[in-house]
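Enquirer: In order, the protein sequence lines correspond to chains A and B. Just so we're aligned, residue 371 is where the first sequence starts under our numbering, counting upward by one. Just so we're aligned, residue 16 is where the second sequence starts under our numbering, counting upward by one.
These aren't lab readings, by the way, just hints derived from the structure by calculation. These figures come from a predicted structure and were not determined experimentally. The C-beta atom is built at its ideal place from N, Cα and C for all residues, glycine as well. Each hint should be verified, as a subset may be incorrect.
[To be verified] Which bits of chain B does chain A cover? Going by a derived footprint, with three or more residues having C-beta under 8 Å, they are: (1) 188-197; (2) 262-269; (3) 332-344.
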Amino acid sequence: MKKPKIGIYGLTGCAGDQLNILNCEDELLKLFDIFEIKSFVMASSAADEEASLDVAFVEGSVSTEKDLEDLKEIRKKSKILVAMGHCAVFGGVQSMFVGEDWDKMYRKVYGKKRAVTLTKPLPPKPLAAYVKVDAVLPGCPIEKEPFLKLAGLLAKGVIPRHPDFPVCAECKWKENECLLLRGEMCMGPLTNSGCGAICPSLGIPCIGCWGPIEKENWEAEAFLLRERGFSVEDIVNRFAIFGGMERADKLRKFLEAKEE
Amino acid sequence: MRLFKLKRNNLFPFLRGLEGFGELWGPVRKGRKVVYARAKPEEFDLEALRTIIPAKKFFLPPRFTALKFRDNTWEDDYRPRRKVIFGLHPCEIHALNIYHRFYTRLFTDPYYERSKEATLIVGLSCVPDDHCFCYATGTSTVNEGFDLFLTDLGDRLLVWVGSPRGEESLKLVGKFLEDVEQKDISDYVAWRKRRDAAFKLKVDLDGMPEIVSFSYDSPVWEKMGRACLSCGTCTMVCPTCTCFDLEDEYDLKRAEMHRERFWYSCVFREYSMVAGGHNFREARSERLKLWYTHKLVGFMSEYGAPACVGCGRCVVSCPVGINVISVVRALRQERTTALWTKMEVKDA
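The shape of chain B in the complex, shown without the other chains:
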């Protein structure tokens, strides 16, 4: 991996230069929140942490037409435009690595593959807020899965080149980069120390696979199920959730069928419903158990790591406070003040 530095006042020209690869997208303010949007470098929010929807939207959009068919012919015209996605933090890139393994390991998803092919990933360092816990999931730094990665040291940024495509992009922006010196490295080490000391949210994920497995009959699930709205927000905002559904539609104007592919959620009642109307997970508590077992146990045995990258999206998104932090604490029989834990008390 090669390392360069970029003067602060060259950041915007550098990003504009990358537009030679494709459309420039990055974190932009939307009200009080942040979303990845196509914008000019000046519009990016460089302090932003988590976007409402993670970068998985670039690789498999929330809803798109996967196939068009008429008579006995079909056409798959999903061709994502070439994009540079700037501002992905280490947790986000870790999540994309999980996404990549999931969508290429047994069978390569053609839509994912095309999106991946059309994307240049430009990471950006960050400083945690009250909801970040990538420290606990081991995803606070990243060594693979990006093309370029920028660490913000204030007056300058360090630029890691992480892939052949990243190397290739230097043809566009190499002129802005300079060699690093010893001082840059020592400043980087100091920055790492400051960043690591900034984590405030403490959660202990050690031993979670066993704890979740042995909590199969825990009353915690039932209690959580009573408060869960089954709105699906946790799965939509989770950067490692991959589930989708397919639906056929008839386009009257073009006289052709469209097979629509869209994000789906295991917390929806119909998710586990099969022919004949039988449902393996009719109860909300069963569906939540599935989600957390998959994230913290199933993924462990399959990929050697939990499917949680500590981004904190579930923490800030669930209206009743069901999230990795509160669930892990409840299963560890630690104190949690999440809203869902109060519901039964109120009723009594």
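Chain A with its partners taken away, still in its complex shape:
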């Protein structure tokens, strides 16, 4: 079997997902062995951007026109596009402009003069807002094991889908006391599994960094947290951080409806 050709790219983000691939030290040689890596600028400047790809891994959100151009190029030359990390899958922390006008926010941070001149900024969005995404690997940043599993299946020609159940399942498998029952602001029920419930296993409430599951019941979570005595503001802030673009939209509508 011919080695699948892959590229690993980053748009706007912290590059932590690419870094975590390089952190797979024990498996790195194996990874380089089963894939033909055409582009991975963080690891090597010798990139071949002319080659067509079997799989492209893309991290970061689309936050500039340059990001969008790059993404469209990558999409065009790749059979399979994997959105990797919270920014690429959900839009990242930068997409949580809840209830605020994005232009106004931009001016507040960068001033009227538009300090960024290299490329035109856009409201940050996940990859799927612009192109077809074939597989997702959530996480902020991605975890080593889930990445290796995904890469392994892709090498075998399987396009894996991320399981749609909350991290509470993994938390119970590890026999942790439920932090919601202890009165903590835990985002477990709304949050994708895959991390192995790292934080709750250490007694730290989930902040939702793997992003929301599909059809999350955030109304019930908000109701429960209100019952536990948390303020609307604290709840909205927590929901917004890793809620991604879609939840930010829902929250905004929810808040607007309340004000009316």
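Here the structure of chain A is known, so what remains is to put chain B in place on it, guided by the hints.
Expert: Same frame as chain A, but now just chain B:
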């Protein structure tokens, strides 16, 4: 069934003696909760009632590799280590009996069978707390499903031998046991009376199959569905929940596929999803209805008993208070103060 007694100060040597069978596991404190863990007899919490996860974890672990395959060959190397599980209460053993029927009746699950083969079950009596309701489910005493069962009478414990394997284990620990006398029996009867009087949580399960069946269109389900977080905790902590899923993974280092088997939950949205993206139970209320119908109706007609043993785990585990007690009370149109019943009121 043979009956012996064991002096209190011989309990730890007795348990250590059982280690001749395999690793010793039992209830151990974890923060404010209890889990079954491998430990020394001195570390066991003899007063503990319900562990976070029930003993089903010994028979089919939350997640394990069921098959490994490469090219045209496959290997199933699931070999559970031999274990003595100490401290299982009657409800827990009843649940394991349900588990056993489920996993052996039509087809014997090979993984279950191997775990069962490798396990010595040592039960322990208990006194109920505010969340126990095994009295209502008829599971407060147990006559089968254990190898040894200990009833704690204070200065001594009564030891029932419940199986040929239990008899066999006497070779290891028989030296600690003594014959029972009339006084032991009368003390046991008195203990039973005290224990039975200690149940505080009253719930009436009589007629539940009919009530659940005729409540198919009850607004209770919709109301519950609005508050359900679909976190799956109820099914993970329920000692009679058996559902699992399978997933293939590729192990890069060993260059082989692994078929992973893990606990799954009918309250998850994908549980009832089929090819083409169709979902038989898209609504949370439909999924909850399935769970309760299965526990209180479906199991009744299939096995003659509800799939609830009154352990109270759902009662202490659901963040919004959806549990057998509150659901049964709501369906019987009795008063319940569970958190989920308040959600709509708050919104209005």
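Enquirer: Checking C-beta pairs, does the stretch 332-344 of chain B have three or more residues closer than 8 Å to chain A?
Expert: Coverage by chain A holds for the stretch 332-344 of chain B (3 residues, Cβ < 8 Å).
Enquirer: Do three or more residues from the stretch 188-197 of chain B put their C-beta atoms closer than 8 Å to C-beta atoms of chain A?
Expert: Violated: only 0 residues of the stretch 188-197 of chain B have a Cβ under 8 Å from chain A.
Enquirer: Are there three or more residues in the stretch 262-269 of chain B whose C-beta lies within less than 8 Å of some C-beta in chain A?
Expert: Three-residue rule met by the stretch 262-269 of chain B, so holds; n is 7.
Consistency with the previously given hints fails for number 1 only.
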